[in-house]
Structure formats: structure tokens, C-alpha cells
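Colleague: Single-letter residue listing:
Number of protein chains: 2
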Amino acid sequence: MISKNQIKFVKSLQQKKNRITHESFVVESTKNVIEILNSNYEISQLFALKSWIENNKIDNSYSVNEVTEKELQRISSLKNASEVIAVVKIPIRKEMNCNFSGLNIFLEEIKDPGNLGTIIRICDWFGVKNIYCSENAVDVYNPKVVQSTMGSISRVNLYYTNLFELIDKVPKAVNIYGAFMDGENLNDVKIIGDSIIVFGNESNGISKDLESKLTNRITINKKGMAESLNVAVSAAIIINKFCN
Amino acid sequence: MISKNQIKFVKSLQQKKNRITHESFVVESTKNVIEILNSNYEISQLFALKSWIENNKIDNSYSVNEVTEKELQRISSLKNASEVIAVVKIPIRKEMNCNFSGLNIFLEEIKDPGNLGTIIRICDWFGVKNIYCSENAVDVYNPKVVQSTMGSISRVNLYYTNLFELIDKVPKAVNIYGAFMDGENLNDVKIIGDSIIVFGNESNGISKDLESKLTNRITINKKGMAESLNVAVSAAIIINKFCN
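So the protein lines, in turn, are chains A and B.
First residue of the first sequence: 548, per the numbering used here; consecutive thereafter.
First residue of the second sequence: 548, per the numbering used here; consecutive thereafter.
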């Protein structure tokens, strides 16, 4: 059973202002929920089908609500709700890591939730820990971002910050890369020491202000006719190169 | 102005059965429409804002309808319609290229429109010409597929076919690759001669039947914790390797 107030509350978390007020966000689908249950994140409520509750180990530290498929669909942000939805506490922001050791990712004004989620998943695959987003990027707790991380959200450190101010604090020994049409061929790039890769907005790319701070311009070798690559696709190709 | 019948017709093309009946599909947004106008595709109707019509060179071979923003939104499949929508004739299917020279892509049961569109865009960037989809894959003329190709749809050959039958016709000299967790590290793969890369369904991967036909198992080197990568992301990393 689910009450009208519960429906209203869970659905309200689709909006950022309500997530901030309630310090909570929503995680959907078995894969994502299982990953969150196995993480350090604090679950406050779980809404699940009877079959799901029977088949999964449930903790006693949070409220579990058995719901019907119809009820689950009512609180879901997905076209087809899965078997389970968790309401999760937004963790306290970690102090920002400013060592920039290893590989670090700067995301400037990434607006598409699928792109941010996919980049988080790519970083988690390659063991990249620190992602720095500009303050006007899409919210990481947006349901579509959470969904497309496929559980990786709990394993990367994501900071929202002023990238222009932050980039001035980067030690000189750290190389700062950005992808352009006229850069060095990615295949020829020799990666030495700590690095930052900057990815820009889906339509406008990296802003001129941030571009002026880069130390290395790189290019993904183009052999066909497409004008550009999707930002998450570029991130995949470049991060793979830097991690191998 | 747009008539009720025109609205009904354009909206009906969001469904595959109607696209088949009318042998037509819809292309939205300036970037995509410009690419289609510059291709060999036959445009039957254009719906555009006054400003767009004034700023763009219009051919006389198709009907141009000046519409308001409100009218455009009514026929759009996008949350926010752009400035222009084209109704385009589905081209006659090309005879299937079965040489398999160079790099070729097999897509088995790709269901997500964004994934198919993104893979088409990746192929167009890297100059890969031939994509073979299983018959139960998402339709390439689905509005979301068209949208996410960003104009690349007109520059690749996409065939829907029975991949099990096709794979038996592949010459022995052509290597057939698929990505698995236990394959050869992609970085160490030596690519010689013509190749096919098979990508599988988003949830289930490559089917056992098709897997048994592969000649090479490959793996994208994993250093972190994510269980898997999105199929378009895997395609980007692997195709980049094969084209460089």
C-alpha cells in the first residue's frame, strides 16, 4: 500500500528544488537499487513488488512498502516502472579533492542527463574517481542521470564548483586537455603524470575562458563525414586512451 | 498554416506501421534537416518558421509550409520543437553489400533508439559504411534514432537482415569480433584484413547462436567497478581502435 502523501512525496523528488528541500533522491530499477543498497548511501524508504521483497535481502534500517505494479508506476519516472524504487538520502558533500593526482574529469555545462550518467559510468569502469562539474551542469540526482549511471553513482566523487576558479588552482605539473578539431591526434598523445580532461557543453563545446587555460589540444582522428561526436562518446574514447 | 490532416499525418509517422504505409519518416531540428536537404533523400514536405525559411535556401521540388512555433510544437516529437520539420521519403532499400571489405558492424537486437542513432553517428565519424541490424532491432526511421544520428543517417548503409543466415556467408578470411568480459585485451588486438564487429542487445548481449560464429573475443580493459559499459560507448572505443 502507498498513501497519497507518499505518492506526492516520491513524485516531487523528480524536481531539483524538492530534492534539495528533502535532501533526498530516487533510485529506480533492480540493478540501480541493488548497487545503492550495497553502497554507503542511506536508504530512507523502499517501494517494491511482493516478489522483489521475497527475493531480496532487506535491511531493517529503512521502511519497506509492498506495492502493486500499478502503484509503482504511479511514482515512477520511467515509462515502464521496474520492480523497485528507493528513496535515498543525498549524502553530505565531501570536501573537494584538489590534488588532481591521476586522471580527473572537468565537465562544463553538460546539460543532457543521459550524457552525465553515461560519463559517470565510463569513469567508474576505468577507475577514474574525481569528476568536477560546473555549477550550471545538470543535477547528478536528476532521475535520468541516476538511471543511466547504472549504479556507478555511488562510486565516483562528483563535485559542483566554479571551474574557472578551480582551474587556476591546478598545479603546473598537471596537464589540462581538451578535445578540438585542430588538436594533436589522440593516438600520438604521450600521457605523462597527472591529467585533467575538460569536456564542454553539448552544443557549444568548451567555453573560450576555459579553453584559454588548457595546456594540450587533442583530436579524435576523423575519417568520415560526421561533424562531431556525442560528448559521452568522446569521453569514452579519450578516457580509454588515458587509462591504457 | 497547417491543416488538421497535415498534423494528423506528420504525427502518425511517429509509429512504424504508418511510416511503412506512407513510405515516409520525419526529420527534426536545423542540423538534421540541413544534412537531409544536402543528401540524396527526397523531401516531400517542409514545415518551418518564417525566420528559418528566410534564412535558408529552399528548393522548389517540395512543398514548404510556413508555420508558427505553436503549430510546429503540435507536430513535433521533441519536448521542445526546433525551427523546422521535414517529411522525407524512405529511400528504396539498397541491395545488401556482402563483400565485408574493411570494417563492418553487426547490431543484434539493439532496442534503444538513442543507442542506434549514436552508433550510426560514430560509424559516420570513423568512415564505417556498412551496418547490418537484426530484424528485431529498433527501426532506423524512429524519430529518436533519426534525431540522435545528427544527420549521419544519410551517409551510412543500414541493412535489416537475418544475422544468423548472413554470418554463414561471411568469407573465411574476414575476422568476426565480439566484446566479452573474458576476451583478449583490446589494446593487444592486432587487426589484419577485413573485420566484422558484433554488438549485442543492451540487456542480454550477443546471443549464444551468434557468439558461436565469432572468431575473436575481445575485452575493453576494466580498471574500476562498473559492471558494464553502454553499448554505444563500447562501440565508440572498439571502432576507434579498429580505425586507428
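Don't read these hints as lab results, they were simulated from the structure.
Some clues are possibly wrong.
The list makes no distinction among identical chains, and a pair is therefore deemed to hold if it is satisfied within one copy or across any two copies.
[Said to hold, decoys possible] With a Cα cut of at most 30 Å, we get these calculated BS3-like pairs of lysine-lysine:
1) Lys-770 - Lys-641
2) Lys-604 - Lys-770
3) Lys-737 - Lys-558
4) Lys-558 - Lys-597
5) Lys-626 - Lys-658
6) Lys-770 - Lys-716
7) Lys-564 - Lys-737
8) Lys-658 - Lys-597
9) Lys-617 - Lys-558
10) Lys-551 - Lys-641
11) Lys-604 - Lys-769
12) Lys-636 - Lys-719
13) Lys-578 - Lys-626
14) Lys-676 - Lys-770
15) Lys-604 - Lys-555
16) Lys-769 - Lys-578
17) Lys-578 - Lys-755
18) Lys-641 - Lys-769
19) Lys-755 - Lys-769
20) Lys-788 - Lys-626
21) Lys-564 - Lys-641
Everything numeric in this text was worked out from a predicted model, so none of it was measured.
Colleague: All hints, please: hold or fail.
Modeller: Quick rundown of the hints versus the structure:
Within a single copy, Lys-770 and Lys-641 get their C-alpha atoms only as close as 43 Å, which misses the 30 Å cut-off; across copies the closest is 23 Å, which meets it. Taking the shortest Cα distances, Lys-604 and Lys-770 sit within 30 Å of each other only across copies (29 Å), while inside one copy they are farther apart (51 Å). Taking the closest pair of Cα atoms, Lys-737 and Lys-558 never come within 30 Å of each other, the shortest separation being 48 Å inside a single copy and 51 Å across copies. With identical chains, the CA atoms of Lys-558 and Lys-597 are at most 30 Å apart within one copy only, with a shortest distance of 21 Å there and 39 Å across copies.
Proximity of Lys-626 and Lys-658 under a CA criterion of 30 Å is satisfied in both settings, with 21 Å inside one chain copy and 15 Å between copies. Within a single copy, Lys-770 and Lys-716 get their C-alpha atoms only as close as 37 Å, which misses the 30 Å cut-off; across copies the closest is 28 Å, which meets it. Neither within a single protomer nor between protomers do Lys-564 and Lys-737 lie at most 30 Å apart by alpha-carbon distance, with minima of 44 Å and 52 Å respectively. Proximity of Lys-658 to Lys-597 under the C-alpha cut-off of 30 Å is restricted to the inter-copy arrangement: shortest distance 28 Å between copies versus 37 Å within a copy.
Within a single copy, Lys-617 and Lys-558 get their C-alpha atoms as close as 14 Å, and across copies as close as 28 Å, so both meet the 30 Å cut-off. Taking the shortest Cα distances, Lys-551 and Lys-641 never come within 30 Å of each other, neither inside one copy (35 Å) nor across copies (55 Å). Taking CA atoms no more than 30 Å apart as the test, Lys-604 paired with Lys-769 passes between copies only; the shortest distance there is 28 Å, against 49 Å inside one copy. With identical chains, the CA atoms of Lys-636 and Lys-719 are never at most 30 Å apart, being 38 Å at best within one copy and 56 Å at best between copies.
For the homomeric pair Lys-578 and Lys-626, the shortest alpha-carbon distances inside one copy (17 Å) and between copies (28 Å) are both at most 30 Å. In the homo-oligomer, the alpha carbons of Lys-676 and Lys-770 lie at most 30 Å apart only across protomers (11 Å), although the nearest pairing inside one protomer, at 32 Å, exceeds that limit. In this assembly of identical chains, the alpha carbons of Lys-604 and Lys-555 lie at most 30 Å apart only when taken from the same copy (27 Å versus 50 Å across copies). With identical chains, the CA atoms of Lys-769 and Lys-578 are at most 30 Å apart between copies only, with a shortest distance of 19 Å across copies and 36 Å within one.
Taking the shortest Cα distances, Lys-578 and Lys-755 sit within 30 Å of each other only across copies (23 Å), while inside one copy they are farther apart (40 Å). In the homo-oligomer, the alpha carbons of Lys-641 and Lys-769 lie at most 30 Å apart only across protomers (26 Å), although the nearest pairing inside one protomer, at 39 Å, exceeds that limit. For the identical chains of this complex, Lys-755 and Lys-769 are intra-copy neighbours only, at 23 Å inside a copy versus 34 Å across copies, given an alpha-carbon limit of 30 Å. Within a single copy, Lys-788 and Lys-626 get their C-alpha atoms no closer than 36 Å, and across copies no closer than 36 Å, so neither meets the 30 Å cut-off.
In this assembly of identical chains, Lys-564 and Lys-641 lie within 30 Å of each other by CA distance solely inside one copy; the values are 21 Å within and 52 Å between copies.
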